[in-house]
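Construct all of the structure, not just a fragment, from the sequences and the given hints.
In numbering that gives the first Met the number 0, the protein residues as written are 0 to 647.
Hints are not guaranteed to be accurate.
[What the hints assert, rightly or not] Derived Cβ-Cβ restraints for the label pairs, each shown as a range:
no., residue 1, residue 2, range
1, 548, 637, 15 to 21 Å
2, 306, 128, 51 to 57 Å
3, 217, 637, 29 to 35 Å
4, 128, 76, 36 to 42 Å
5, 637, 397, 39 to 45 Å
6, 217, 261, 33 to 39 Å
7, 101, 615, 55 to 61 Å
[Unchecked claim] Result set (BS3-like, lysine-lysine): computed pairs, CA atoms no more than 27 Å apart in a straight line:
no., residue 1, residue 2
8, 298, 281
9, 209, 187
10, 647, 622
11, 296, 228
12, 639, 622
To be clear, the hints were calculated from the coordinates, so they are not data collected in a lab. Virtual Cβ for every residue (Gly too), placed ideally from N, Cα, C.
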Amino acid sequence: MGIEDKSRIEELKKSLYSRNAVDIRTKRRANFKHKDFDVKTGWDEPDKILNEVDMTKLNDTYEDHSMSFFTKLLIASAVFFIIALGIGSYIVWNGSNIVSVNNVDIQVTGPINVAGGEPVSLNVQVFNKNNIKLEVVDLSMTFPDGTANPDNVTQELKTYRELMDDIEPGGMSQKTVRAAIFGEENSKKTIRVKVEYRVKGSNALNYKEKDYEVLVSSSPISLTVDSYKEVTSGQEFSVAVTIKSNSNDVLKNLVLKGSYPFGFTYLSSSLKPIGADNSSWKIGDIPPKSKRTVTIKGKLDGQNEESRIFRFVAGAASAKSDKDIGTQYIASTQELKIKKPFISVNVALGGNELSQEYVGRFNDPIQAEVTWFNNLEVPISDAEIHVKLSGSAFDKAAVSPQQGFYKSENNEIIWNKVTTRELGSIAAGESGKVTFTLTPKDLSSGGRSVVNPGMNIDVSVSGSRLSESNVPQSIVSSATRHIKVPSEATLSGVAVRSFGPFENTGPMPPQAEKPTTYTVIWTIYNASGNISNAQVAASLPPYVKWAGRTSPEGEDIRYNAVNGQIIWNIGSVGAYTGSGATKKEVSFQVVLQPSIAQVGQALTLVNDATMAATDDFTGIELKSVQPAVNTNLGTDPAFKDGDGAVTK
0 MGIEDKSRIE ELKKSLYSRN AVDIRTKRRA NFKHKDFDVK TGWDEPDKIL NEVDMTKLND
60 TYEDHSMSFF TKLLIASAVF FIIALGIGSY IVWNGSNIVS VNNVDIQVTG PINVAGGEPV
120 SLNVQVFNKN NIKLEVVDLS MTFPDGTANP DNVTQELKTY RELMDDIEPG GMSQKTVRAA
180 IFGEENSKKT IRVKVEYRVK GSNALNYKEK DYEVLVSSSP ISLTVDSYKE VTSGQEFSVA
240 VTIKSNSNDV LKNLVLKGSY PFGFTYLSSS LKPIGADNSS WKIGDIPPKS KRTVTIKGKL
300 DGQNEESRIF RFVAGAASAK SDKDIGTQYI ASTQELKIKK PFISVNVALG GNELSQEYVG
360 RFNDPIQAEV TWFNNLEVPI SDAEIHVKLS GSAFDKAAVS PQQGFYKSEN NEIIWNKVTT
420 RELGSIAAGE SGKVTFTLTP KDLSSGGRSV VNPGMNIDVS VSGSRLSESN VPQSIVSSAT
480 RHIKVPSEAT LSGVAVRSFG PFENTGPMPP QAEKPTTYTV IWTIYNASGN ISNAQVAASL
540 PPYVKWAGRT SPEGEDIRYN AVNGQIIWNI GSVGAYTGSG ATKKEVSFQV VLQPSIAQVG
600 QALTLVNDAT MAATDDFTGI ELKSVQPAVN TNLGTDPAFK DGDGAVTK
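Okay, here's the thing in structure tokens:
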């Protein structure tokens, strides 16, 4: 710092603390010269005022200053507001061209309840409530499992797709779609309807969906699974799967496919499987009102109280492979619970060990077998088996026990260690069996009313075991079987001349090359239960002609001149009434014209006649055959020996 600078600093200090120091503001003010300005008080001459300002100096003052951030933000906000205002105005004035999916409506018109397998028509209408046309309108429908082509039910129908007409603003387009829906009775099925569309000037693909539900009110086919409700782990058992036709048409090319639960081991089946996994069977065609049953044997391994589910599906074979299902008609399941009883017991009837109803026959012996198995890890002692018999078809005089003691006064068979030595002590894991025979009795021959006859078999096995504390405990296991007996519906046929609803003409005995008329009477006797779908079929020999006369007039009996076949459609016949079997009867007239070569022979008038019907109580098919009737009229009181042979 120089000497001059120090002097100035010292002088400044003195002036700060001196009472006589001159005010620095006065010294600064002295450096400025005073100048007067004429300031206008109004805006009457703005251009003149502006010209008086030195614009060059003003520009020089601000040319080095850049625009601030907040100024830029303010300008950008103003621009955005102007653009937004423009877009809003455009939407207000031109909003009619904006498409909303909420303005597209789908309506499906069709039946709410459908009969399974019957063709149904669904009318799909698409409404456009927008103010712009919908273009390239694509209708697609997704059907549930079990839907088929109505023109060929063996072809599965999974999806349907078709282009609809363009839909003008406020307009509508529609399509009718046909399908055949199969499923379990009273099951709900959902159909998914989807419409895709575009609008002019846009590449966006829009769509609208809607679900339509239908209820399957009936099914042309039923599928039942019958087996034990409970099984022991490792125990062999059977599962019976029955397919029954409820249709009036033949169900063609059916396939049954099963799904086995975890732990199940397949052993055998009544019908040979068609797949390597032993879970598919080719059923083939099922006539109207008929049924097919597949019995599967196996065993199930698992822990106590575990549940297992068997699932079976029936449907038409696929066009690509007859081992696969193309159209699923119906599905059914059966749940089994794995139990560990102290002792298990089972009753087999006629070799059938399923816990289902057994169908027997009047006067036909039934072989019954009671088996037991000790599931404990300790022996069972003093075991006893009791079989209690009952039912309207039970005949206490037709019971034959093997080894056991039959107490006829209370209809009970007993086996114990006295009658059967191995019941004294049953070792852990040991099994055995006892057998007996019983025969259902037809009581209708005695004039008694027996409607829907049957028998009950109730089996109980008891014994003792030592508990963990060496205290004896009683154990009991039981099983029940029911036997149904179908009606004894029979067909009889006779030929007469001297009586009946028609007057018969011609020589008696018949003569060669001359016509002689006879009346044939068919009668169906129904003993003990209602039958349905009854029909009788027979044929005429070539030398016998149909006279065209039948009685009563209301009976449905027809003759086919091409093959000479006679068909009598009977329908239903009621059960036995008590005073005499309910019967159906029809009479028809035939004309016999023998040849010279048949002289000396008794000739057949009607060949063997066969009656087929369904027993409503048991569901089985009934059959009765009436041998051919000939000119030996044994039931006609006017008939004499020798009247049956043809003469010259």
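Okay, the hints, checked on the actual structure:
no. : hint                  : verdict
1   : 548 / 637: 15 to 21 Å : holds, 20 Å
2   : 306 / 128: 51 to 57 Å : holds, 52 Å
3   : 217 / 637: 29 to 35 Å : violated, 54 Å
4   : 128 / 76: 36 to 42 Å  : holds, 39 Å
5   : 637 / 397: 39 to 45 Å : holds, 43 Å
6   : 217 / 261: 33 to 39 Å : holds, 34 Å
7   : 101 / 615: 55 to 61 Å : holds, 56 Å
8   : 298 / 281             : holds, 23 Å
9   : 209 / 187             : holds, 16 Å
10  : 647 / 622             : violated, 40 Å
11  : 296 / 228             : holds, 15 Å
12  : 639 / 622             : violated, 33 Å
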